[in-house]
Each structure stands twice: as C-alpha cells, then as structure tokens.
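Novice: Listed here are the chains, written in short residue letters.
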Amino acid sequence: MSFTNHRKMQLYGALLLLPAALLLTTFAYLPTVTTVINSLFLPGFRGAPTEFVGLENYQVLFDDPTFWQVARNNLLYALGTIPTSIALALGMALFVNGKLPGRGFVRMAYFTPTILPMIAAANIWMFFYAPQIGLFNSLLGALGIPGVNWLGDPSVALSSVIVMSVWKEAGFFMIFYLAALQSIPPELKEASDLEDTSRWSFFWRVTFPLLMPTTLFVLINSLINSVRVVDHLFILTKGGPNNATNLLLYYVYENAFSFFDRTTAATITVVILVVLAVVATLKFTILDRRTHYQ
Amino acid sequence: MSQSRIRLERVTKRWDATTAVDGISFDVTPGQFVILLGPSGCGKSTTLRMIAGLEEASDGQIHIGERDVTRLPPGDRGLSMVFQSYALFPHLSVADNIVFGLRSRKVPKDEQRQRLAKVAGLVDLTDYLHRKPAQLSGGQRQRVALARSIISEHPICLMDEPLSNLDARLRSDMRREIKALQSRLNMTVIYVTHDQVEAMSMGDRVILMQHGKIVQDGTPDELYNRPASAFAASFIGSPAMNLLPLEAGKEGAVIVGEPHTPVAPLEAVGGQLGIRPEDIALSTTSTTGVPAMVVSDEYLGADTIAHVTVGNHNVRVRMSGKHALAGQPCRLYWARENAHLFAADGLRRDDLTPTPLPRSPHSIPRPPVVGSFQH
Ligand SMILES: Nc1ncnc2c1ncn2[C@@H]1O[C@H](COP(=O)(O)OP(=O)(O)OP(=O)(O)O)[C@@H](O)[C@H]1O
Ligand SMILES: [Mg+2]
Chain A
1 MSFTNHRKMQ LYGALLLLPA ALLLTTFAYL PTVTTVINSL FLPGFRGAPT EFVGLENYQV
61 LFDDPTFWQV ARNNLLYALG TIPTSIALAL GMALFVNGKL PGRGFVRMAY FTPTILPMIA
121 AANIWMFFYA PQIGLFNSLL GALGIPGVNW LGDPSVALSS VIVMSVWKEA GFFMIFYLAA
181 LQSIPPELKE ASDLEDTSRW SFFWRVTFPL LMPTTLFVLI NSLINSVRVV DHLFILTKGG
241 PNNATNLLLY YVYENAFSFF DRTTAATITV VILVVLAVVA TLKFTILDRR THYQ
Chain B
1 MSQSRIRLER VTKRWDATTA VDGISFDVTP GQFVILLGPS GCGKSTTLRM IAGLEEASDG
61 QIHIGERDVT RLPPGDRGLS MVFQSYALFP HLSVADNIVF GLRSRKVPKD EQRQRLAKVA
121 GLVDLTDYLH RKPAQLSGGQ RQRVALARSI ISEHPICLMD EPLSNLDARL RSDMRREIKA
181 LQSRLNMTVI YVTHDQVEAM SMGDRVILMQ HGKIVQDGTP DELYNRPASA FAASFIGSPA
241 MNLLPLEAGK EGAVIVGEPH TPVAPLEAVG GQLGIRPEDI ALSTTSTTGV PAMVVSDEYL
301 GADTIAHVTV GNHNVRVRMS GKHALAGQPC RLYWARENAH LFAADGLRRD DLTPTPLPRS
361 PHSIPRPPVV GSFQH
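Residue numbers (the UniProt record's numbering), protein chains in the order written: chain A, 1 to 294; chain B, 1 to 375.
Hints are not guaranteed to be accurate.
Examples of chain B residues lying across from chain A (beta carbon under 8 Å, computed) [unchecked claim]: (1) Pro74; (2) Gly75; (3) Asp76; (4) Phe83; (5) Ser85; (6) Phe89; (7) Pro90; (8) Gly101; (9) Ser104.
The set of hints was computed from the structure by calculation and includes no laboratory data. We put the CB at the ideal spot given by N, CA and C, even for glycine.
Looking at chain A on its own, in the form it has when it is part of the complex (with noise of 0.2 Å):
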C-alpha cells in the first residue's frame, strides 16, 4: 500500500519536472553533446563519410596562435571588466542606498544602460569613439589634446571595448547590490553606531561579509557574460584591426558563419564549457564555504 503510494508520488514528481526536463534536454544537453561529438570528427568532403579522428581537432586548436590571441584576449578582457564591474556596482549601490535627494531618479540613472539593447548601447559608443566627429575626440581637441583612433588603434581597441562593457553592466549588478543591502537590518548600522564604529569599519566587518553571497552571484554571472560577447563586437569593431578585439564566442561565431568550420566552432565551445565548469566547480566548493548565507 505504502509503496504503491511512494511509486505514485515519484511518478507524479517526475511529471512535475517533465516540462523543464523537454526544454533543457532539447535546447541544452542534446546541443552540448552534438557539439561534443562534433569536436572529434572531420567532416567528409565531397559526400565522403565523417571520420572520427579522437583529440586531433584540439590538437589542431591548441597549435593555432589565433586562437591563443583570441584566448588572451578574452582572458585581458574579464580581467577589465569583472573587478571594475563589481566594484563600481558597489560603490553605486551603496551611494543610492543612502538618503539623498532624489536618488529615485539616479537610481533610474545607474540602471538605464542595462535596459537598453546591446545594439543600441553600442551604437551611443560608436559615436562616442567615432575617431573626427566622436565626443570624445571632439572634447580633447577642445583641450587642444591630438585625438585617438579608439576603436582602430589595435593598442587601445580592447581597452574601448572594456569601457562600454563596464558602463552596461554596472548597473545591472547594482540592483542586485541594492536588493542585498536593503535587506540587511538598520539596526546593525545603530549598534555599531553606538560603539563608535567608522564608516569604512562597519563597511569591511559587517556590508561586505554580508554582502558575499551577492557578490558570488555577479561574479559568476560578470565571468559568463565576460564569453558571451558577440554583439558588441558585431557593432563595434568586428573583432578587428587584425583580432586585437576578438574574443572567443565572437571567434566561434566567425568560424561557424563566416568561414563555415563548424568543427572548429564546435572544439572552442567545449573548451569554453569546460572552462566554465572548472570555474564553477571551484566556486561551489571554495568560496561557498567561505561564504555566510542567510
């Protein structure tokens, strides 16, 4: 009776999940391991069959120094991005947090660039940088400093890319920030109030540990979006001059669409995927612990 009643139970558990399951699995896990499978075969030319050829495809990667290029590029932009992201989200969040005139329109401010579609971010970015007529060019000529070619100078491309990036995530990750501070009780800030405690003091002791799981939350979602830029790009600089600005999803991209190597395409995702996973994986067991959840 009892197990009948269990195996009901589980049945009816399983249906719950049915619908999540169809959807990860067609959109998901079936992908994931069609792109797997297809890192380690070389199609056939001219109708001839694929041919299973095992690592030879990474191998083939690993030896390609666009791909290393690309790779490093990737690596300097997170780099750029997340830290100066996180930071000026914080520091954002803790200045709206506060009791200021108006802070219902700066908040509205701080957020804007979240909201608008990449496209046009970008769009708002390419005249900033626009190398004769851009604002920024026009405001150094104004000081009588030489402009620079923002976006052409393989020098300072990445670096411009970095900026725009920063300035549309920021905001995003401030909400988040905001959220985790009003939930955190005033009445900490008025029992360390009453033993003297500095501003910068409470800040380290109390905001940031508390803060914690929040900033675990953006920093894993700051990394994913940090290989997941293809649109900027697109708009932007094309991955140009000479893939100063490539980064790997835009690199998988051109190698899928433009130079039709689905293969290629495929092996830099499942070391992308892997990457990520590694990152993951360390996240749950090292920083978690760490970490106080409420």
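Here the structure of chain A is known, so what remains is to put chain B with the ligands in place on it, guided by the hints.
Specialist: Below, chain B with the ligands alone, put in the same frame as chain A:
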C-alpha cells in the same frame, strides 16, 4: 558614578505631521532601573532612541552626567543598547559579536579576551562562543545581546523591549537575570516595555506614557496604589481596574443604573469610581453592600475571576480558589481606602473620599494583597 545620571528637559520629537514625543522631562539617578511603560505608539522607543542618539531630538535637551549630549553622536554618549531584534551580526560568531564594540574602540586583544571570558561567564554563554547566532535559541541570542552591552562597561544601558520575542516562561527567567545583573553591576538602566508585569516586577521606578506625554512617574507601588489617572489605573493590574461612571443619586453619587447605594459624595458625579478586581469582596449571603448579579466565572487555577453586573456595568471580581457562581445574585463590598475617584477628565481626585459601604459579615476570601498583579 555621576556620569550615569540622565536628565531630559522638555524633549520633543516631531515628524512632519506627528508629534511622537511631546515635551517630556525626567531625571534618572545613577543605578536606577527605570521603566518606560505605555501602549503601542506612545513614543517609548522614540524617547529611548533620542537618549541613545539614534534619533535627533526636535526640541529640548538631554544631559548625561554633566554633559549636554543632545547633539552628540551615539558613540560619544557612553551608553549601550539592547535592541528588540537583538541586532546580532549574523555572519560573526558569538565571541566576535560580543567583542565587536571593543574592536571598534581598539581595546587591546589581551584585554578583549579577558573581558570576553568574564562576561561570557556572567551570562552563561561560555560553551557557545564559537557558534553563529542562527545556531542559538531565542534566549541565548538575547543573552548575546546582553553580553554585548555589558562588555562595553558603559554605566548606562538602554533596552527596548528586549524580552518581547521570548516565550512566557523564558521571559520570567530573563526578567530575574537582567534585574540581578543590573544590581550586581550597578548599571543605570532605562527599559522600554508595554508589558505591565515586566514594569512592576523589574522597575525601581516606572514612567507611564500616553500620546507622547508622561502620565505618571513613580514607584511600582505608587502606580498600583495611587494611579494618577483613569488611564494609569486601567493600564496597571491584570485584570484591569474596574472603572464605573457615577451619576447623582438621593444621598450622593451612585453607579449608573444602581441608584440605591451611594458610593461617593455628590461632587464626584460625572467622574468615575475605580476599584481593583482584587479589592472587591463578593458575597452571596450578605444583605449589605452593592447588589450585583454574577454573569460568568473564569477559573484560573489559583483564583477565579467573576464577571458580575452592577447597574448597567460589568465588574470583574477576583477571588482566591475555585467558585462556581454564575447566575447567582450577590453583594459586593470594598474598603473605602481601596476605592479611587477620577474626575471627568480622567485625573485622580484626592479632594474627595469615597463613601464607606456597610461592612459585609461573610464574604468569599480575597487573594492575598502581595503580588496580586501577577499571573
Ligand atoms: N521614522 C518615523 N517617521 C514618522 N513617524 C514615526 C517614525 N518613528 C516613529 N514614528 C511615530 O511615532 C510614534 C511613536 O513611535 P514609537 O516607536 O516611539 O512607539 P512605541 O511607544 O515604541 O510603540 P511600540 O510599543 O509599538 O514599540 C508612532 O505614532 C509612530 O508612528
Ligand atoms: Mg517601540
């Protein structure tokens, strides 16, 4: 110890439309345990927070010791506070929570450790120092909050309803512990509560507030035996004092609806007669006293509360032991010194004495006088 004297002079707090605290003054001497008592929203917390400096007074002055602290930040006032929600830091261990303030004030590590050990022993937390607040019971969290304010060694401790999140039994234990700690450490305590039992059992002095003003300021005894107004009378004691409106009768003021028994001189008409349930003797055999009818009785173990009607009014009578009297006619008697008269505006009248009732020969025993407001 004079730096623990607290003096408020016409302190007022206004928010746009509301006046939460309206010109209150009092003077707390060092070592006193003072209760701020009153119904919800009467401004107790606001008063306490102004003393702490967490809220700025709109008007008036606050002195601590010889200093005018009205505009000083909380950290410079030399006091600690226990919050209703305890305000423990959830990510810190009990030990780190307790020494939080010492670290802020850069007390040397060695001394921190010594003081922690001493205070942890005092509040019985020595075995829990490594736990996080979430791993403690409500009573233990309360003790951590207490320890955090004791360790600062400030002579003044403010407490805002520190026991209201605990269950009844724990509350009575903690009442005694807090009281014992206070006298042992000779702290000056201002303690906010809306629970009259806490007020009566812990306070050296009770300040009763209503609508942002002080209604009565005195010892628990004075509040119980000589309530300054009908409000004070009804707020202290459980069940509350019976308040009966008076009208003119043939030989003096009578209870509305009961014209035969004069209970007060004619001048008391328009006001109210107050008698505590425990001060009324009820007799079903007597032929003297105020005639009444028992409507129902509530058995509480040690005593019984009878609900009786006198004229148009319900009166509660407290008797010791168990009695089943519902539906019976009876007579009520009270001693003259236990009857209180209040004027139409609610204030106590001491210029009049209630009319004595004829003595009733047999009556049901009343509970002993001591501790009668406690259940
Ligand atoms: N920040 C504020 N802004 C506006 N009004 C406030 C504020 N804080 C308190 N008040 C008002 O001041 C009055 C007194 O509040 P207070 O918190 O002092 O009451 P209390 O006596 O402590 O009540 P309780 O027993 O419910 O805690 C209330 O009417 C309340 O609405
Ligand atoms: Mg309050």
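Novice: Are any of the numbered hints broken by this structure? If so, which, sorted upward?
Specialist: none
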